[in-house]
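Take 0 as the starting number for the sequence shown in numbering that gives the first Met the number 0 and just add one per residue.
Careful: at least some of the hints might be erroneous.
For each label pair, taking beta carbons as the anchor points, the in silico distance ranges come out as [stated by the list, open to error]: (1) Glu11 to Glu37: 30 to 38 Å; (2) Glu23 to Glu144: 32 to 40 Å; (3) Ser73 to Tyr28: 40 to 48 Å; (4) Thr36 to Val153: 46 to 54 Å; (5) Asp45 to Val153: 31 to 39 Å; (6) Glu120 to Val153: 16 to 24 Å; (7) Glu110 to Ile68: 19 to 27 Å; (8) Asn42 to Lys69: 37 to 45 Å; (9) Ala21 to Pro77: 45 to 53 Å; (10) Asp39 to Ile88: 49 to 57 Å.
No wet-lab data here; the hints were simulated from the structure.
Since this is a predicted model, take the numbers as computed values, not measurements.
Just so it is clear, CB atoms sit at the ideal spot from N, CA and C, and this is done for glycine as well.
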Amino acid sequence: MSKSEWFGSVLENQQLLELEKAYEIIAAYLGRDNDLTEVDLSNMRDTPRRVAKSFMEMTQTRTQISQKIKDIISTAFPSSKSSGHLPGIITQGPIEVVSLCPHHWLPVKYEIFVSYIPSIEGNVLGLSKLARLCIELGKRPVLQEDLTKDIVDVL
Numbered sequence: 000m001s002k003s004e005w006f007g008s009v010l011e012n013q014q015l016l017e018l019e020k021a022y023e024i025i026a027a028y029l030g031r032d033n034d035l036t037e038v039d040l041s042n043m044r045d046t047p048r049r050v051a052k053s054f055m056e057m058t059q060t061r062t063q064i065s066q067k068i069k070d071i072i073s074t075a076f077p078s079s080k081s082s083g084h085l086p087g088i089i090t091q092g093p094i095e096v097v098s099l100c101p102h103h104w105l106p107v108k109y110e111i112f113v114s115y116i117p118s119i120e121g122n123v124l125g126l127s128k129l130a131r132l133c134i135e136l137g138k139r140p141v142l143q144e145d146l147t148k149d150i151v152d153v154l
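All chains should be built: construct the whole structure from the sequences, respecting the hints.
Structure below.
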């Protein structure tokens, strides 16, 4: 493990512990006036950690997203102009993206259709890359309008 990988894992563990503490507060609040049985309590014992881990898996930082987007678009294919054809419209969809509402931080599911016309001298992205692009851009709390704009900006 490199020094930067080690530091990243330490930072990630620290963030996980901080999130876990925050969810412990939320869990205590939700259970404050409930008559919880022993079974209820045992089922919720590790819930703050599970919620914190799932939140970290569902979301990425802007830096992480930017790096993944660069990786995705770094490999493109020559357009069909080289074979004497003009490029046509490329469409992919529906692409299912699960994100978080930035107002309530609850999950939201988007169905995205992406279409673009490659430039004559430009390259084209593979269909799987269009889907990966949308999924990565959705790994943060984002409104549908902002997600749409970000997809357009990348393309």
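These are the hints, each one checked on the structure:
Roughly 33 Å separates the CB atoms of Glu11 and Glu37, a value that falls within the hinted 30 to 38 Å. Glu23 and Glu144 have their C-beta atoms about 35 Å apart, which keeps the hinted 32 to 40 Å range intact. For Ser73 and Tyr28, the hinted distance range of 40 to 48 Å is satisfied, since their beta carbons lie about 45 Å from each other. A hinted range of 46 to 54 Å holds for the C-beta pair Thr36 and Val153, which are about 50 Å apart.
Taken as a hint, the range 31 to 39 Å holds for the pair Asp45 and Val153, whose Cβ atoms sit roughly 38 Å apart. Distance hint check for Glu120 and Val153: the Cβ-Cβ separation is about 19 Å, which falls inside the suggested range of 16 to 24 Å. In this structure the supplied range 19 to 27 Å holds for Glu110 paired with Ile68, their Cβ-Cβ distance being about 21 Å. Taking the beta carbon of each, Asn42 and Lys69 are about 42 Å apart, inside 37 to 45 Å as hinted.
At about 49 Å, the CB distance of Ala21 to Pro77 agrees with the hint of 45 to 53 Å. Roughly 54 Å separates the CB atoms of Asp39 and Ile88, a value that falls within the hinted 49 to 57 Å.
Every hint, counting from the list given before, is met by this structure.
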